[in-house]
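Number of protein chains: 2
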Amino acid sequence: MNIAVLGTGMVGNTIGSALIRLGHTVKMGSRTKANEKALAWVAANGPAASEGTFADAASFGDIIFICTKGDGTLDALRAAGADNLHGKILIDISNPLDFSKGMPPSLFVCNTDSLGEQIQREFPDAKVVKTLNIVNCEVMVNAGKSSATDRGTMFVSGNDADAKKLVVKTFLTPWGWDDVIDLGDITTARGTEMLLPIWVRTWGATGNGHFAFKVVR
Amino acid sequence: MNIAVLGTGMVGNTIGSALIRLGHTVKMGSRTKANEKALAWVAANGPAASEGTFADAASFGDIIFICTKGDGTLDALRAAGADNLHGKILIDISNPLDFSKGMPPSLFVCNTDSLGEQIQREFPDAKVVKTLNIVNCEVMVNAGKSSATDRGTMFVSGNDADAKKLVVKTFLTPWGWDDVIDLGDITTARGTEMLLPIWVRTWGATGNGHFAFKVVR
Chain A
322 MNIAVLGTGM
332 VGNTIGSALI
342 RLGHTVKMGS
352 RTKANEKALA
362 WVAANGPAAS
372 EGTFADAASF
382 GDIIFICTKG
392 DGTLDALRAA
402 GADNLHGKIL
412 IDISNPLDFS
422 KGMPPSLFVC
432 NTDSLGEQIQ
442 REFPDAKVVK
452 TLNIVNCEVM
462 VNAGKSSATD
472 RGTMFVSGND
482 ADAKKLVVKT
492 FLTPWGWDDV
502 IDLGDITTAR
512 GTEMLLPIWV
522 RTWGATGNGH
532 FAFKVVR
Chain B
322 MNIAVLGTGM
332 VGNTIGSALI
342 RLGHTVKMGS
352 RTKANEKALA
362 WVAANGPAAS
372 EGTFADAASF
382 GDIIFICTKG
392 DGTLDALRAA
402 GADNLHGKIL
412 IDISNPLDFS
422 KGMPPSLFVC
432 NTDSLGEQIQ
442 REFPDAKVVK
452 TLNIVNCEVM
462 VNAGKSSATD
472 RGTMFVSGND
482 ADAKKLVVKT
492 FLTPWGWDDV
502 IDLGDITTAR
512 GTEMLLPIWV
522 RTWGATGNGH
532 FAFKVVR
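Protein chains in written order, with the working numbering: chain A, 322 to 538; chain B, 322 to 538.
Be careful, since some hints might not be right.
Said to hold, decoys possible - Distance ranges between label pairs, derived from CB positions:
#  : chain 1 : residue 1 : chain 2 : residue 2 : range
1  : B       : Pro-495   : A       : Lys-358   : 46 to 56 angstroms
2  : A       : Arg-352   : B       : Asp-419   : 35 to 45 angstroms
3  : A       : Thr-494   : B       : Phe-429   : 35 to 45 angstroms
4  : B       : Gly-423   : A       : Asp-500   : 28 to 38 angstroms
5  : B       : Phe-429   : A       : Asp-500   : 24 to 34 angstroms
6  : B       : Leu-343   : A       : Ala-365   : 51 to 61 angstroms
7  : A       : Arg-442   : B       : Lys-422   : 13 to 23 angstroms
8  : B       : Lys-422   : A       : Asp-419   : 23 to 33 angstroms
9  : A       : Asp-404   : B       : Gly-465   : 49 to 59 angstroms
10 : B       : Asn-463   : A       : Met-424   : 31 to 41 angstroms
11 : B       : Thr-433   : A       : Met-331   : 21 to 31 angstroms
12 : B       : Met-331   : A       : Met-424   : 31 to 41 angstroms
13 : B       : Gly-402   : A       : Ala-482   : 50 to 60 angstroms
Think of the hints as simulated: they come from the structure by calculation, not from any bench. Being a predicted model, the structure only gives us computed values, none of them experimental. By construction, the Cβ of each residue, glycine as well, lies at the ideal position given by its N, Cα and C atoms.
Using the sequences and the hints given, assemble the complete structure.
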């Protein structure tokens with residue numbers, strides 16, 4: 322499948338490379354063409370990897386992974402262009418982290434709204450699926466990374482049931498997420514985004530970022 | 322030990338009875354003496370159980386469990402009286418749930434503050450320990466209730482390290498919580514209180530409230 326990865330940071334790099342390992346063709350998008358980090362990623366990932374602007378990537382991709390920092394997500398999607406997002410699945414991995422007051426970060430939207438909902442409202446013709454945002458990017462693409470003997474639970478949120486099923490089958494299952502809970506519509510993204518404060522504090526308390534949350538039941 | 326349980330609802334009932342089973346002497350406090358639900362709880366729990374006002378209970382208890390609804394917590398503690406809380410451990414199980422706009426609830430404080438911090442600020446001589454607020458009350462007092470073969474993780478937050486250790490040893494361990502993460506000071510209560518939205522949505526999606534969150538690592 323042709324897939325767009327928006328964002329050239331650690332999350333975009335890790336997701337992009339994992340998608341190529343799954344056999345997909347991936348274009349990494351950033352604000353400008355020939356972004357240095359995007360070029361380095363392309364060079365390291367062979368002929369299935371390419372790069373361009375946010376609009377280039379979104380136009381190319383049948384599915385779009387949003388791997389930007391949360392405070393850049395809406396601007397990146399505006400640059401990608403609504404026409405390039407129309408009818409497509411947007412997998413939103415980004416989190417509304419606000420580092421402006423230092424560590425630990427707070428959230429710039431939460432409780433009665435979420436970044437996932439902001440995206441869905443601004444691009445109503447896209448199918449936003451919020452998932453994977455609750456773990457470190459290495460754990461995202463390898464659920465077994467947190468423990469050799471146990472697995473976390475992954476949540477999906479979104480208004481389109483078929484889109485969520487496709488995301489689970491195409492990405493979450495191959496990446497080892499065998500316990501997935503479909504929380505419901507995109508408003509349930511409030512719940513997963515509001516896991517970030519406990520994620521950050523658990524990381525601080527244990528010194529280990531390679532963990533996952535499991536719903537024991 | 323003499324313990325106060327503030328609140329006569331399901332959480333207060335369950336915690337109070339579990340404390341008596343551990344061999345403690347418990348006074349349940351409510352707004353008025355001879356509250357009907359408190360009297361029923363006393364009648365069902367034998368000679369180690371008694372009841373009275375919030376002030377009666379707080380005066381009696383060496384340790385105080387806050388089992389009120391979140392929007393009644395500060396008023397209950399004011400009624401209990403700062404003098405009756407002075408130097409004591411307050412185990413805060415309550416959550417800042419706001420049901421005023423219907424279901425699902427939002428939080429009336431979160432992100433840059435928490436109910437745990439509000440309590441600690443208003444009663445600076447008390448030792449607030451936030452814990453147990455992330456599971457159903459039956460799971461609070463029996464970690465094995467969520468699964469016969471697996472256990473969730475319990476978090477503790479608070480400014481007094483010795484108070485947290487005593488709470489773990491005296492209550493969490495006997496109730497089956499063998500994986501406890503000390504998140505740090507009371508500001509980390511933001512993280513556990515912000516688990517409530519995902520708790521509510523997971524409950525809605527699975528139809529099962531007897532679950533726990535495990536940090537797989």
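Tested hints:
no.: 1; hint: B:Pro-495 / A:Lys-358: 46 to 56 angstroms; verdict: holds (52 angstroms)
no.: 2; hint: A:Arg-352 / B:Asp-419: 35 to 45 angstroms; verdict: holds (39 angstroms)
no.: 3; hint: A:Thr-494 / B:Phe-429: 35 to 45 angstroms; verdict: holds (39 angstroms)
no.: 4; hint: B:Gly-423 / A:Asp-500: 28 to 38 angstroms; verdict: holds (30 angstroms)
no.: 5; hint: B:Phe-429 / A:Asp-500: 24 to 34 angstroms; verdict: holds (32 angstroms)
no.: 6; hint: B:Leu-343 / A:Ala-365: 51 to 61 angstroms; verdict: holds (58 angstroms)
no.: 7; hint: A:Arg-442 / B:Lys-422: 13 to 23 angstroms; verdict: holds (19 angstroms)
no.: 8; hint: B:Lys-422 / A:Asp-419: 23 to 33 angstroms; verdict: holds (24 angstroms)
no.: 9; hint: A:Asp-404 / B:Gly-465: 49 to 59 angstroms; verdict: holds (54 angstroms)
no.: 10; hint: B:Asn-463 / A:Met-424: 31 to 41 angstroms; verdict: holds (36 angstroms)
no.: 11; hint: B:Thr-433 / A:Met-331: 21 to 31 angstroms; verdict: holds (27 angstroms)
no.: 12; hint: B:Met-331 / A:Met-424: 31 to 41 angstroms; verdict: holds (38 angstroms)
no.: 13; hint: B:Gly-402 / A:Ala-482: 50 to 60 angstroms; verdict: holds (54 angstroms)
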